[in-house]
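Participant: These protein sequences, in sequence, are chains A and B.
All the letters of the first sequence, read from the start, carry residue numbers 3 to 379 under our numbering.
All the letters of the second sequence, read from the start, carry residue numbers 283 to 639 under our numbering.
In short, the hints are calculated from the structure, not lab data.
A portion of the hints provided could be inaccurate.
As the list claims (entries may be wrong) - Examples of chain A residues toward chain B, derived with CB under 8 Å:
{"no.": "1", "residue": "Glu42"}
{"no.": "2", "residue": "Ser49"}
{"no.": "3", "residue": "Phe233"}
{"no.": "4", "residue": "Pro239"}
{"no.": "5", "residue": "Ser240"}
{"no.": "6", "residue": "Thr244"}
{"no.": "7", "residue": "Cys254"}
{"no.": "8", "residue": "Trp275"}
{"no.": "9", "residue": "Pro277"}
{"no.": "10", "residue": "Trp281"}
{"no.": "11", "residue": "Val294"}
{"no.": "12", "residue": "Pro295"}
{"no.": "13", "residue": "His296"}
{"no.": "14", "residue": "Glu317"}
{"no.": "15", "residue": "Ala358"}
{"no.": "16", "residue": "Pro360"}
This one's a predicted model, so the numbers in the text were calculated from it and none came from an experiment.
Yeah, the Cβ is synthetic: ideal placement off N, Cα and C, and Gly gets one too.
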Amino acid sequence: MNVTLLDRKPEPGRQAEIIDKRFTGFIDCDVHPFVRQSSEEFDPFLSERWREHRRTIGARARQGLSKATNYPRMSPGNGQRMDAWPAGGGFPGSDLPTMQAQLLDLFDVAHGLLAPLVGGAAAERNVEFGAAMAAATNEWQLARWCIPDPRLKASVQINIEYEDAAIAEIEKRAKDRRFAQVNIPPRGLEPLGRRRYWPILRACADADFPVSLHLGGTNGHPSTGGGWPSFYHEEHPSYVQTMQTLVTSLVCEGVFEQIPNLKIVLVEGGFAWLPALAWRLDKHWKRLRAEVPHLRKAPSEYIREHIWVTTQPIEEPERPQDMLSTLEWIGVERVMFSTDYPHWDQDDPRFAFKVALPETWRQRIFVDNARALYRLD
Amino acid sequence: MEPVPPSPMQPIDCDIHPALPGTRALLPYLDDYWREHILRRGLEADNLELSAFPANAELNSRPDWRPARGLPGSDYDLLRGHVLEPFQSRFAICNVLHGAQAMFSEDLSAALCRAINRWVAAEWLDRDPRLRASIVVPPHSADLAAEEIERCAPDKRFVQVLMLELTELPLGRRQNWPIYAAAERHGLPVGVHAGSSFRHPPSGLGWPSYYLEDYVSFAPGFAAVLNSLVTEGVFVKFPKLKVVLIESGVTWLPAYLWRIDKTWRGVRAETPWVDRLPSEIIREHVRLTIQPFDAPPEQSQVQTLIEQIGCDEMLLFSTDYPHWHFDGGAAVPAGLPPDLIRKILIDNPLATYPRLS
Chain A
3 MNVTLLDRKP
13 EPGRQAEIID
23 KRFTGFIDCD
33 VHPFVRQSSE
43 EFDPFLSERW
53 REHRRTIGAR
63 ARQGLSKATN
73 YPRMSPGNGQ
83 RMDAWPAGGG
93 FPGSDLPTMQ
103 AQLLDLFDVA
113 HGLLAPLVGG
123 AAAERNVEFG
133 AAMAAATNEW
143 QLARWCIPDP
153 RLKASVQINI
163 EYEDAAIAEI
173 EKRAKDRRFA
183 QVNIPPRGLE
193 PLGRRRYWPI
203 LRACADADFP
213 VSLHLGGTNG
223 HPSTGGGWPS
233 FYHEEHPSYV
243 QTMQTLVTSL
253 VCEGVFEQIP
263 NLKIVLVEGG
273 FAWLPALAWR
283 LDKHWKRLRA
293 EVPHLRKAPS
303 EYIREHIWVT
313 TQPIEEPERP
323 QDMLSTLEWI
333 GVERVMFSTD
343 YPHWDQDDPR
353 FAFKVALPET
363 WRQRIFVDNA
373 RALYRLD
Chain B
283 MEPVPPSPMQ
293 PIDCDIHPAL
303 PGTRALLPYL
313 DDYWREHILR
323 RGLEADNLEL
333 SAFPANAELN
343 SRPDWRPARG
353 LPGSDYDLLR
363 GHVLEPFQSR
373 FAICNVLHGA
383 QAMFSEDLSA
393 ALCRAINRWV
403 AAEWLDRDPR
413 LRASIVVPPH
423 SADLAAEEIE
433 RCAPDKRFVQ
443 VLMLELTELP
453 LGRRQNWPIY
463 AAAERHGLPV
473 GVHAGSSFRH
483 PPSGLGWPSY
493 YLEDYVSFAP
503 GFAAVLNSLV
513 TEGVFVKFPK
523 LKVVLIESGV
533 TWLPAYLWRI
543 DKTWRGVRAE
553 TPWVDRLPSE
563 IIREHVRLTI
573 QPFDAPPEQS
583 QVQTLIEQIG
593 CDEMLLFSTD
603 YPHWHFDGGA
613 AVPAGLPPDL
623 IRKILIDNPL
633 ATYPRLS
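Chain A extracted, bound-state conformation:
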């Protein structure tokens, strides 16, 4: 989301627009592909049993509304960028030529990491159906996106509550370089560091897949520790609190001792909160370390080694230069640029940072960090 008033033409001719080279050629760590109209689009990748189930019962998540999200967004299509509706019809993010014109070609994006928010695989209560939808969504990413435009990299979808199927799916995609990572919904039934999830996390690490935790959705628990908020105005920043709980859980459970090559990417949860969380964890770990003897070093060290963050929705410190100290405190090598196309609050690479980044930092954040993490090119 860019909220600075910009001195630019109201309707720039997109193709003709000259983009400063500093803001092209980056790796976009958060791109959302959608279906054109409905989940029927997954049918070619489902067995007859699950096609029938999709038609009759359909997706069932842990919430009161059957299709709409708990907190309606502020723009049509569940919070899409208003100009991203394809001219030829269909949903924003559903038309590759539009995505190319607005993102991939416009900025000469080197790679875009797909984060499908469709299919309902992750949140599905019927875990067999969830696993079937996950597998279908993985095939769909290849057929609809990665094969037509190889710059796009798929993310393995799973239903984390069906361990055998999840591990099988991760192993199936392990050698396929068109998949870059495994998506796990950050809001699971239990904090992700709990032992019941270790086999799946281990499978991700064994397959050399980073785990990306992309914000959104609901697990049926109130989205705060003190109950359900009333407004999207509260739900949106509560994603940050979800990320904090995730990091706390992964660190305190000793996941990084158990699975030393596990790499975690926090997507769309902001990042300026991370230093203060690390200080707080370190401080109280000193008092309570007898409770967690499996931790062999300070929490901040695990964070520094195992956690990556993506930039959107980027922080906007009141004093823009505070962005620089924030990046320094996190570690510039752990921050990766993302747009979140085509969402309403997406970041434009030209305007996201309100302060000039040192050139070496810019290169790392826009390109090198993601290239190294995902072993791209």
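Start from chain A and add chain B according to the hints.
Facilitator: Using the frame of chain A, we list chain B on its own:
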């Protein structure tokens, strides 16, 4: 233990925790019906401690503040020797943390809170003119909470209303507004203390395994509290209300303010009564006690964070006795400028708690 340096400033300690030695101690302060009720159910044998603060965890019981027997914080003479004398506190505000606030029966919760308030007045406030107290209220019953505020308000030694941070409803929800109306009417800030009634998971991700996680996650919980208070319009409806975040940690605040301001810019059409930046509202209405501070490793980082907080009126001195966040007398984090220290120790508490003047 390092000696505590003499403090000519006579600070105001905004968070100390006298501990109820057991429910039995409340018997003289219960109404007849509730005394019999509690005896019949055998509740006097239990002290109904909150699980949010296990008394023997090192975090909650500084080694040199631990009594030879009984619960940390339960002995007045020790409290005097541990903090009132060494810090030469002008005032110290007693925040009783107790399971009364977690009982499911609203009636039992209210009865226990009422007894606790009578107990703290008789056994602590009457003993030392430096002591003040927060009114413990049943947080899940706004009407009964407001009644208790009305009952206690005439005693000016009650300077604040005490709520738990995490309850069934986000604190800003309109069902809670009778509490804020009563607090504002009587010039009582609402103190929101770390902790949860734990009848719901302490995070949006369900139940974590370790107490360390619960404790660390109280800070994100406070962020949710602020989201709720600001967004629901509590400070629009009650413009004179002050809210004090107690034992919340401090250093998470600047990044939080950036986030909530950004959200507001994007989605403020949803809540048009929030007619200015949330950070502005929070700096005007919200205060934080300084223990724990959760300081970064470098003093220069502390200075940067203080600049980012951007308001010298927000922080209030506290020892959080008997919880263990600092050693000796180092209750104020290193790296703060002297003018700010003076404000934290005295001016800000006086401005926050009108009943202290």
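Participant: Compare the structure with the hints numbered earlier in the document and write down the numbers of the violated ones, lowest to highest.
Facilitator: Of the numbered hints given earlier, those the structure breaks are 1, 2, 12, 13, 15 and 16, listed in rising order.
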